[in-house]
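2 protein chains.
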Amino acid sequence: MNAKTMRCACGIDAHAHVIPENFPAYIGSKLPGDWPSMAPAQACHRNVMISGKVYRTVSDKCWDTGKRLADLPAMGLKLQVVSPMPELLSYWMAPADAQQLLRYLNDQIAGMVAESGGALAGLGAVPLQDMDLAIAELEYVVKVLGFPGVEVGSNINGIAIGDPRLDPFFEACEALGAAVFVHAIRPAGMERLVGPASLQQVIGYPGDVGLAAASCITSNLPVRRPNLRIAFSHGGGTLASLLPRLEQGWDVFPALKDSMAQSPREQAGKLFYDTLVFDTPTLRHLVASFGSTQLLVGTDYPFNFHDRTPVERIEAAGFDEATLAQLTHRNAERFLGLKANP
Amino acid sequence: MNAKTMRCACGIDAHAHVIPENFPAYIGSKLPGDWPSMAPAQACHRNVMISGKVYRTVSDKCWDTGKRLADLPAMGLKLQVVSPMPELLSYWMAPADAQQLLRYLNDQIAGMVAESGGALAGLGAVPLQDMDLAIAELEYVVKVLGFPGVEVGSNINGIAIGDPRLDPFFEACEALGAAVFVHAIRPAGMERLVGPASLQQVIGYPGDVGLAAASCITSNLPVRRPNLRIAFSHGGGTLASLLPRLEQGWDVFPALKDSMAQSPREQAGKLFYDTLVFDTPTLRHLVASFGSTQLLVGTDYPFNFHDRTPVERIEAAGFDEATLAQLTHRNAERFLGLKANP
Numbered sequence: 000m001n002a003k004t005m006r007c008a009c010g011i012d013a014h015a016h017v018i019p020e021n022f023p024a025y026i027g028s029k030l031p032g033d034w035p036s037m038a039p040a041q042a043c044h045r046n047v048m049i050s051g052k053v054y055r056t057v058s059d060k061c062w063d064t065g066k067r068l069a070d071l072p073a074m075g076l077k078l079q080v081v082s083p084m085p086e087l088l089s090y091w092m093a094p095a096d097a098q099q100l101l102r103y104l105n106d107q108i109a110g111m112v113a114e115s116g117g118a119l120a121g122l123g124a125v126p127l128q129d130m131d132l133a134i135a136e137l138e139y140v141v142k143v144l145g146f147p148g149v150e151v152g153s154n155i156n157g158i159a160i161g162d163p164r165l166d167p168f169f170e171a172c173e174a175l176g177a178a179v180f181v182h183a184i185r186p187a188g189m190e191r192l193v194g195p196a197s198l199q200q201v202i203g204y205p206g207d208v209g210l211a212a213a214s215c216i217t218s219n220l221p222v223r224r225p226n227l228r229i230a231f232s233h234g235g236g237t238l239a240s241l242l243p244r245l246e247q248g249w250d251v252f253p254a255l256k257d258s259m260a261q262s263p264r265e266q267a268g269k270l271f272y273d274t275l276v277f278d279t280p281t282l283r284h285l286v287a288s289f290g291s292t293q294l295l296v297g298t299d300y301p302f303n304f305h306d307r308t309p310v311e312r313i314e315a316a317g318f319d320e321a322t323l324a325q326l327t328h329r330n331a332e333r334f335l336g337l338k339a340n341p
Numbered sequence: 000m001n002a003k004t005m006r007c008a009c010g011i012d013a014h015a016h017v018i019p020e021n022f023p024a025y026i027g028s029k030l031p032g033d034w035p036s037m038a039p040a041q042a043c044h045r046n047v048m049i050s051g052k053v054y055r056t057v058s059d060k061c062w063d064t065g066k067r068l069a070d071l072p073a074m075g076l077k078l079q080v081v082s083p084m085p086e087l088l089s090y091w092m093a094p095a096d097a098q099q100l101l102r103y104l105n106d107q108i109a110g111m112v113a114e115s116g117g118a119l120a121g122l123g124a125v126p127l128q129d130m131d132l133a134i135a136e137l138e139y140v141v142k143v144l145g146f147p148g149v150e151v152g153s154n155i156n157g158i159a160i161g162d163p164r165l166d167p168f169f170e171a172c173e174a175l176g177a178a179v180f181v182h183a184i185r186p187a188g189m190e191r192l193v194g195p196a197s198l199q200q201v202i203g204y205p206g207d208v209g210l211a212a213a214s215c216i217t218s219n220l221p222v223r224r225p226n227l228r229i230a231f232s233h234g235g236g237t238l239a240s241l242l243p244r245l246e247q248g249w250d251v252f253p254a255l256k257d258s259m260a261q262s263p264r265e266q267a268g269k270l271f272y273d274t275l276v277f278d279t280p281t282l283r284h285l286v287a288s289f290g291s292t293q294l295l296v297g298t299d300y301p302f303n304f305h306d307r308t309p310v311e312r313i314e315a316a317g318f319d320e321a322t323l324a325q326l327t328h329r330n331a332e333r334f335l336g337l338k339a340n341p
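In the order they appear, the protein sequences are chains A and B. Heads up: the first sequence is residues 0 to 341, going by numbering that gives the first Met the number 0. Heads up: the second sequence is residues 0 to 341, going by numbering that gives the first Met the number 0.
For reference, chain A alone in the conformation it holds in the complex (with noise of 0.2 Å):
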């Protein structure tokens, strides 16, 4: 399929990603080992350094604007969200150097939004690692910079993302009306995976992503925040396989009825989901486990492994029209806050 064949170019990707053309140099006493660093690489393309070694590869499409908004319609996006590469999120910095490097980061996000003439918005990132930092940075990029939300991990520092311990952040997200976006990183499970390093993207990151939402319905993220818009990236990764069985136990173990006020179906139809699966038939199961309202489109662009053809994908799937503009932009405009939904 190609443009051509497209209805129209209305789409909304909620999932994207950046990456500066260059990284600040380190303002302290104490240069952190994992600072990031670019390096030259091939045509077009620079290699992202951490800890001296080079974690990507990455094409000029991560910074260069101008580029980025070329391929948007073949996308058949009219609106692309983008949000800092996930390593690049920092948990593991001494926290006023995570800080430095974020606020950096956000900077350069909102300068592609200002000069995309309306077609990018921005997720800022966060020092989740500390909190009075976070919700700091948080009010930066929500008033100041005017972004519709942040990208958070899917764990921080290895405490799942519901876990109650960050709720004073998601109480901040829900006062300010900011939209949060779960990105997968650094992920468990690495200890059963068999096979080359990009097994973790392929294999890690959906696992953690499924750990995560689901440890936002174990801990009743969506009772307990009912006004917070969250989303979740890789179409929830594994949840939607782990749903039915929550739901089952949820009827028979006494002690997990009893910890959660609402069922974990229940509870899961209030989350979003991006439609980052890569298979028509798992697009349509996530319709049918999540409802039609919960899901907006992901790319993943401009990496490797994105979607090429995520609009055209959702429309070859055989949804009603209502469910296809849901799908392509209004549950998106729903998640960002961008208007509200007739």
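To be clear, the hints were calculated from the coordinates, so they are not data collected in a lab. Among the hints, a few may not be true.
Stated by the list, open to error - Using C-beta positions, here's what the derived DEER-type ranges look like:
| hint | chain 1 | residue 1 | chain 2 | residue 2 | range |
| --- | --- | --- | --- | --- | --- |
| 1 | A | Ala254 | B | Gly110 | 29 to 37 Å |
| 2 | B | Asp166 | A | Lys256 | 41 to 49 Å |
| 3 | A | Leu337 | B | Asp250 | 28 to 36 Å |
What the hints assert, rightly or not - Derived contacts from chain B toward chain A, CB cut-off under 8 Å, selection only:
| hint | residue |
| --- | --- |
| 4 | Asn154 |
| 5 | Gly161 |
| 6 | Ala187 |
| 7 | Gly188 |
| 8 | Gly209 |
| 9 | Gln247 |
| 10 | Phe252 |
| 11 | Ala254 |
| 12 | Phe277 |
| 13 | Ala287 |
All of these numbers come straight from a predicted model, not from anything done at the bench. Quick reminder that beta carbons are idealized off the backbone N, C-alpha and C, glycines included.
Mind docking chain B on chain A? Use the hints.
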């Protein structure tokens, strides 16, 4: 629904568990701290004690063959394949101690099979922490006890079941024609669970089974051992959610493509999976994902968290007659090697 509404009691349950009424006295010089024992509980129940604590309160249906057989017709079952409660697999004990306990369990299962009049079959347990002892016990359960196969954990002390280090065991299973049933055990991702202890079974188990099945695919087990018959518990856990992304990753990452002799989907279509997912849309999605030839009934009987209507659930899913016969019993016959499939 009840037994009257079922069309036949033709089902074969490949996933049901046994606990003996008593555990044996330890014979040796140093009693392992986690050697199991039984303690009294309410009527018709006993407490499995491990390391001085109640591991689980279980009903006498775990060991009472008569009570078990009485339950089979209402579940639509003509045959139940019983295997040890996974926590008894004892991979963490000294090999000789585990072998002592597992031999007792295997003989107990053989006794239940013998008194069942053909309504039960057994899957044995082997001490996979020691390859030589494991293969010796495999030969005992197949050649002496006449079992169709064995139950193994999704990981052996943290080593995913697809790890090539375990290949000598699968080579022996292939040579002996022994079916292998992979059950979740001591799962990865425990540090991401937020809620009561039962989440280990509810969320952790399917996650570890998914990683186990993925490890078999990424390590080419169906290619290395083309005649091995291997099945995964809990519908393959999270594998259905992981597989489309693994397929796409195989297309995108050269190192992954180079390491896998056949596509992930092709390999996944050679593994078996039980139907224990408690949800009709998910069951249909498993058939679409793995193929109607690869699913077989699983119940987790007689534990609290078991499927009481496994065959009715399949009958209610709207499959055609051929698929219905495959899922209820024909695939299980093929997996177990009970008779040649017509």
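For each hint given before, does the structure comply? Return the numbers of the non-compliant ones in rising order. Those not satisfied: there are none.
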